[in-house]
Amino acid sequence: MTEYGPHLYLPIYCFMKNFLRYILPVLLLSLLFSCVKDTDFDQLQEVVLSPNIEVNLLFFEINSNEFIDPATGIARPVLSDVTDIPFLDDSDTQEGILKADFLYEFENTTSIDYQATISFKSGASSVMYALDILVPAGSIGNPQTHVVIDEIDVPEIYQITQANKIAVSIDPMGQLPTDGSLKMRSKATFYFEIDGQ
Amino acid sequence: MRRVDLWPIGLLLMLVATVSAQNKPMLFGLDEVPQSLMINPGATLMQDAHIGVPLASGFHLNVGSSGVSLYDVVGKQDGDITQNISSVLNSLNDRDFFTLTQQLELLNFGWRSGRKRYYSGGIYQELDMITYFPKDWFTLAWNGNADYLDYPFKFDHINARMDALSVFHFGVNQSIGRHWTVGARVKIYNSILSVSSLNNKGSFTTSLSAGDSDNYYAQKLSRAEVSIQTSGLSRFDDGFTQADLISSSLLGGNLGLGIDVGATYTFDDQLKVSASLQDLGAIFHASDVKTYQAVGNKLIEGIELDFPVLSSGQSPPPYYAIFENELEAAVPIDTLYSAYTQWRPVKFNAGISYGFGPAAPGSPACNCTKKGKPFTLESEVGFQYFAIKRPKGIQMAATVFYLRRLYRFLLIKSTYTIDALSATNIGLGVVGDFGNFNIYLAGDHALKYGNLAKARGLSVQFGLNFKFLEK
Numbered sequence: 001m002t003e004y005g006p007h008l009y010l011p012i013y014c015f016m017k018n019f020l021r022y023i024l025p026v027l028l029l030s031l032l033f034s035c036v037k038d039t040d041f042d043q044l045q046e047v048v049l050s051p052n053i054e055v056n057l058l059f060f061e062i063n064s065n066e067f068i069d070p071a072t073g074i075a076r077p078v079l080s081d082v083t084d085i086p087f088l089d090d091s092d093t094q095e096g097i098l099k100a101d102f103l104y105e106f107e108n109t110t111s112i113d114y115q116a117t118i119s120f121k122s123g124a125s126s127v128m129y130a131l132d133i134l135v136p137a138g139s140i141g142n143p144q145t146h147v148v149i150d151e152i153d154v155p156e157i158y159q160i161t162q163a164n165k166i167a168v169s170i171d172p173m174g175q176l177p178t179d180g181s182l183k184m185r186s187k188a189t190f191y192f193e194i195d196g197q
Numbered sequence: 198m199r200r201v202d203l204w205p206i207g208l209l210l211m212l213v214a215t216v217s218a219q220n221k222p223m224l225f226g227l228d229e230v231p232q233s234l235m236i237n238p239g240a241t242l243m244q245d246a247h248i249g250v251p252l253a254s255g256f257h258l259n260v261g262s263s264g265v266s267l268y269d270v271v272g273k274q275d276g277d278i279t280q281n282i283s284s285v286l287n288s289l290n291d292r293d294f295f296t297l298t299q300q301l302e303l304l305n306f307g308w309r310s311g312r313k314r315y316y317s318g319g320i321y322q323e324l325d326m327i328t329y330f331p332k333d334w335f336t337l338a339w340n341g342n343a344d345y346l347d348y349p350f351k352f353d354h355i356n357a358r359m360d361a362l363s364v365f366h367f368g369v370n371q372s373i374g375r376h377w378t379v380g381a382r383v384k385i386y387n388s389i390l391s392v393s394s395l396n397n398k399g400s401f402t403t404s405l406s407a408g409d410s411d412n413y414y415a416q417k418l419s420r421a422e423v424s425i426q427t428s429g430l431s432r433f434d435d436g437f438t439q440a441d442l443i444s445s446s447l448l449g450g451n452l453g454l455g456i457d458v459g460a461t462y463t464f465d466d467q468l469k470v471s472a473s474l475q476d477l478g479a480i481f482h483a484s485d486v487k488t489y490q491a492v493g494n495k496l497i498e499g500i501e502l503d504f505p506v507l508s509s510g511q512s513p514p515p516y517y518a519i520f521e522n523e524l525e526a527a528v529p530i531d532t533l534y535s536a537y538t539q540w541r542p543v544k545f546n547a548g549i550s551y552g553f554g555p556a557a558p559g560s561p562a563c564n565c566t567k568k569g570k571p572f573t574l575e576s577e578v579g580f581q582y583f584a585i586k587r588p589k590g591i592q593m594a595a596t597v598f599y600l601r602r603l604y605r606f607l608l609i610k611s612t613y614t615i616d617a618l619s620a621t622n623i624g625l626g627v628v629g630d631f632g633n634f635n636i637y638l639a640g641d642h643a644l645k646y647g648n649l650a651k652a653r654g655l656s657v658q659f660g661l662n663f664k665f666l667e668k
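So the sequences go chain by chain: U and L. Residue numbers for the first sequence follow our numbering, beginning at 1 and rising by one. Residue numbers for the second sequence follow our numbering, beginning at 198 and rising by one.
For reference, chain U alone in the conformation it holds in the complex (with noise of 0.2 Å):
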């Protein structure tokens, strides 16, 4: 193959450097920009997403049985559960939201009422919210169903989104129950608002 100098594609080069530095460039920018008239691209920072988010959140059934310890046959005085929720506490989520409903619908076919106490906790022990809630007595034949819409707006809004665990305490009010069970399932609505800038 024949070994060209620089000497040939010199002009090449050069024509080509300075079109594809200069002359595109200027040709597309021409082209896709000088025309564009009427627009105002600074608004897209006042554009202002408002998704709500529904989602599951906890559940469970505690059989009248489980309030005795099968290990010692000792009564529990208080259940209590607790769990990671690490949604929360996520900085996007601080930013974002802006109000949140939470809904806990209990069924009690025990004879007692119930103490139930939702806790949102930042670590083990730092409560930054808790809701208590009496739930009445039921019987197998006629399930007492009980709801509890939790609505939390600002200023209570930021202590929830400190927290990175709910914990459920269940306290048996009376004689504990022989049959029959306590159910909960939950959700929460949660509004975001989310702005471009």
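Just to be clear, a hint being listed does not mean it is correct.
Stated by the list, open to error - Pairs of lysine-lysine, DSS-like flavour, derived with a Cα cap of 27 Å:
| no. | chain 1 | residue 1 | chain 2 | residue 2 |
| --- | --- | --- | --- | --- |
| 1 | L | Lys351 | L | Lys495 |
| 2 | U | Lys99 | L | Lys417 |
| 3 | L | Lys417 | U | Lys183 |
| 4 | L | Lys586 | L | Lys313 |
| 5 | L | Lys417 | L | Lys332 |
| 6 | L | Lys589 | L | Lys487 |
| 7 | L | Lys586 | L | Lys384 |
| 8 | L | Lys398 | L | Lys586 |
| 9 | U | Lys183 | L | Lys487 |
As the list claims (entries may be wrong) - Residues on chain L that point at chain U, a partial pick, calculated with CB under 7 Å:
| no. | residue |
| --- | --- |
| 10 | Thr279 |
| 11 | Ala343 |
| 12 | Thr403 |
| 13 | Tyr414 |
| 14 | Phe504 |
| 15 | Val506 |
| 16 | Ile623 |
Hints are computed from structural coordinates only; laboratory data are not their basis. Cβ atoms here follow ideal geometry from the backbone N, Cα and C, with glycine treated the same way.
Could you slot chain L onto chain U? The hints should help.
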């Protein structure tokens, strides 16, 4: 309020304009420009040899959107921008799309061999993107699922394809008898980067559960099958330099093979019909291939508490981790490394043209000489049809044109194109022949050039070539 970058939304909405990103109604049948051979290898030719100015012989850019214009999104309009965008979103559906196509010829040349045969070849680079509007997922992000109970958000709304490739081609054009000119071009595709998400299936639905269910909502991932196929991606891992671009453009990508075929039938000096098929071929993605795939069914429940008896110091079960693990087990995200084949978007062009008026300036007075500038008439009118196969179906465009050879060195062609998006697309093209130097410049949507923001598409083409005629 949470603040996030919304520029991707803006960008997506901005890329909204015309339909057929690879349609080149200006060049099809325009025998004065050597690049007409690239659209129809069976074109009738006017030169005996040509060579393009390297990197400047053919440039094509087209952006388009089927549903909205830039002005619809960021125009200075009355009312709230959020409300304006909401109404734009509502007006789009999952078959609306955004396209971007860009081609740049690195090299283009051709020569006549004998009286009836013309060989041509070259290299060009192409970037081709199409994204259908992911309506359901935009809706979910924009509004959330609270007002969409029982509505299935469908994964097939996610449909996009992007290819960056270089193409090495060589073609032959042959006149047969007095009437026929036929041609074929072989293409070797060298894929630099290919990313696509096609043929996704399944849906996500939130419904109220039955009264006795453990959960308040039934949130179902039904028969979800979502995948993203990539090839050539690892090249970009450690930054991509100019040297990488040059080396990957020339060799080293995944290869493919394709052909273009075309023919022209010339009835007489006035009437001719022509048709061509481009990119009948495929790319075989075998190296540096990664497919990310999620397949599965899952009823997404809340977190179930067990209230276990714990001795002191014992921790409760890691409910949330269990929840996440169950989700991942039901809908695992796998990375596959198996080869795949992708068909190129095949294109079809057809046209009929009728010449009239006196002989064109510079043309011989009759079709009776075998050498020199071929006989042409001053004016031509005609009709052209274009179709391209895209992931969600065939997109079409119809064009009528008027061509006028004004001077020996100048012709203009004007087109009026109707496609799925726009019924007011007027294009203008100019071809200049200055000695052996040939220059063409063409643009679509001329009516909108006063304010491109209101156009749903923009297409420009230009090129610089040298043409040679035997005297």
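Verification of the supplied hints:
1. Using a Cα cut-off of 27 Å, the hinted pair L/Lys351 and L/Lys495 holds, with the two alpha carbons roughly 15 Å apart.
2. A hinted pair counts as satisfied when its Cα atoms are at most 27 Å apart, and U/Lys99 with L/Lys417 qualifies at roughly 25 Å.
3. Among the hinted pairs, L/Lys417 with U/Lys183 is consistent with the structure: their alpha-carbon atoms are about 23 Å apart, no more than 27 Å.
4. For the proposed pair L/Lys586 and L/Lys313, the alpha carbon gap of about 33 Å is over 27 Å, so the pair is violated.
5. Distance check on the hinted pair: L/Lys417 and L/Lys332 sit about 19 Å apart at the alpha-carbon level, within 27 Å; holds.
6. Distance check on the hinted pair: L/Lys589 and L/Lys487 sit about 23 Å apart at the alpha-carbon level, within 27 Å; holds.
7. At most 27 Å may separate the alpha-carbon atoms for a hinted pair to count; L/Lys586 and L/Lys384 meet this at roughly 18 Å.
8. Using a Cα cut-off of 27 Å, the hinted pair L/Lys398 and L/Lys586 holds, with the two alpha carbons roughly 21 Å apart.
9. Only pairs whose Cα atoms come within 27 Å are accepted, and U/Lys183 paired with L/Lys487 is rejected, the gap being roughly 47 Å.
10. Satisfaction of the interface hint for L/Thr279 is found here, the shortest Cβ-Cβ separation to chain U being roughly 5 Å, below the 7 Å cut-off.
11. Look at L/Ala343: its Cβ gets to within about 4 Å of chain U, closer than 7 Å, so that hint holds up.
12. With 7 Å as the threshold, the beta carbon of L/Thr403 comes within range of chain U, its nearest partner Cβ sitting at about 6 Å, so the hint holds.
13. For L/Tyr414, the suggested interface contact is upheld, since its CB lies about 5 Å from the closest CB of chain U, less than 7 Å.
14. Evaluation of the L/Phe504 hint against chain U yields a held restraint, the C-beta minimum of about 4 Å falling below 7 Å.
15. Checking L/Val506 against chain U: minimum C-beta separation of about 5 Å stays under 7 Å; hint holds.
16. The interface hint given for L/Ile623 is violated, since its Cβ lies 15 Å from the closest Cβ of chain U, which is over the 7 Å cut-off.
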